[in-house]
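Knowing the structure of chain B, use the given hints to seat chain R on it.
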Amino acid sequence: MAQVEIRIPNRRDKMSEVGAMVESFVQAQGGSRETVHDLAVVVDEVLNNIIAYGYGPGEIGDILVRVAALDGRIIVDIEDSGHPFDPLTAPAPDLAAPLRERKVGGLGILFVRDLMDDVAYERVAGLNRLRLSKRLPITPPTPG
Amino acid sequence: MELVEIRRDPLVIVEPRGRIDTMAAEPFGERLTELIHGGSRHMLIDLQHVIYISSAGFRALLIVGKLAEEVKAKLVLCGLSAEIKRLFEIGTFMDLFTICASREDGMAKAQ
Numbered sequence: 005m006a007q008v009e010i011r012i013p014n015r016r017d018k019m020s021e022v023g024a025m026v027e028s029f030v031q032a033q034g035g036s037r038e039t040v041h042d043l044a045v046v047v048d049e050v051l052n053n054i055i056a057y058g059y060g061p062g063e064i065g066d067i068l069v070r071v072a073a074l075d076g077r078i079i080v081d082i083e084d085s086g087h088p089f090d091p092l093t094a095p096a097p098d099l100a101a102p103l104r105e106r107k108v109g110g111l112g113i114l115f116v117r118d119l120m121d122d123v124a125y126e127r128v129a130g131l132n133r134l135r136l137s138k139r140l141p142i143t144p145p146t147p148g
Numbered sequence: 829m830e831l832v833e834i835r836r837d838p839l840v841i842v843e844p845r846g847r848i849d850t851m852a853a854e855p856f857g858e859r860l861t862e863l864i865h866g867g868s869r870h871m872l873i874d875l876q877h878v879i880y881i882s883s884a885g886f887r888a889l890l891i892v893g894k895l896a897e898e899v900k901a902k903l904v905l906c907g908l909s910a911e912i913k914r915l916f917e918i919g920t921f922m923d924l925f926t927i928c929a930s931r932e933d934g935m936a937k938a939q
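Sequence lines, in order, name chains B and R. Count along the first sequence from 1, then add 4; that gives the number in my numbering. Count along the second sequence from 1, then add 828; that gives the number in my numbering.
Isolated chain B, as found in the complex (with noise of 0.2 Å):
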């Protein structure tokens, strides 16, 4: 089975170093232009939610990025050590308000739960782990 995994600080600055990661992976397990992007955006937004809410002010923690090609599925999961926090039940934005009263609270958990296949939240030994799964689309052999 192939994997990569990174492990980095709550950093925004270090998060980079893990869309790179992703990316390269899902190219090199011959995803689509589709899939690398809504694997990346995913990423990003996990990751920002754990680093602004996951702790307090200047805590510092660890974030596991691991990501697996299993048949024929990428598998991230994410863990990190900060409070207890299943972004499944945060709440939905309000898509309805016009501009001015738009809020973009929400849509980050919005485009995880739309962008993937599956999403799973567990609380183990002291970690929040996610689990963000997504379907490789079969493609075709090239000719030749």
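Rather than coming from a laboratory, the hints here were simulated on the basis of the structure. None of these values were measured; they are calculated from a predicted model. Here a beta-carbon is modelled for each residue, glycine too, at the ideal position from N, C-alpha and C. Incorrect hints may have been included.
Claimed, not checked - On the chain B side, residues computed to face chain R include the following (Cβ under 8 Å):
(1) R16
(2) R37
(3) E49
(4) N52
(5) L103
(6) V108
(7) D118
(8) M120
(9) D121
(10) D122
This is chain R only, laid out in the frame that chain B set:
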């Protein structure tokens, strides 16, 4: 993300390139806000070289969109890839902005 600006007075075309992720969203939003505060009233944001926009980038666009509405500036978007368009649809942002299929249309609409 890299930000390219092209001036076709009175129009300013802003071309972000790369990823408008959490880190890039702030300078992106700040620059657009600066342009409006600096007097720009005709702006086209061409997203054709953008790989992705995360919700932080949409937040920046919303803030700029509201500001543009307040000062009656024209703000037009173009160059949405199929993947980025999908995010606009999920967030129901399609109706909040003037979105053009081509840069040419966008330039005309932003005049």
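Consistency of the hints with the structure:
For R16 (chain B), the interface hint holds, since its Cβ comes within 8 Å of a Cβ in chain R; the closest pair sits about 6 Å apart. Look at R37 (chain B): its Cβ gets to within about 7 Å of chain R, closer than 8 Å, so that hint holds up. A cut of 8 Å between beta carbons decides the hint on E49 (chain B): the least distance to chain R is about 6 Å, and the hint holds. This hint holds: N52 (chain B) has a C-beta 4 Å from the nearest C-beta of chain R, less than the 8 Å allowed.
A hinted interface residue such as L103 (chain B) counts as satisfied when its beta carbon comes closer than 8 Å to some beta carbon of chain R; here the least separation is about 5 Å, so the hint holds. With a cut of 8 Å, the hint placing V108 (chain B) at the interface with chain R holds, because the nearest CB-to-CB distance is about 4 Å. Taking 8 Å as the C-beta cut-off, the interface hint given for D118 (chain B) holds, the closest approach to chain R being about 5 Å. The interface hint given for M120 (chain B) is broken, as the beta carbon of that residue sits about 12 Å from the closest beta carbon of chain R, more than 8 Å.
With a least beta-carbon distance of about 15 Å to chain R, the hint placing D121 (chain B) at the interface is violated under the 8 Å criterion. Interface restraint check for D122 (chain B): the shortest CB-CB distance to chain R comes to about 17 Å, outside 8 Å, so the restraint is violated.
Consistency with the previously given hints fails for numbers 8, 9 and 10, ordered from lowest to highest.
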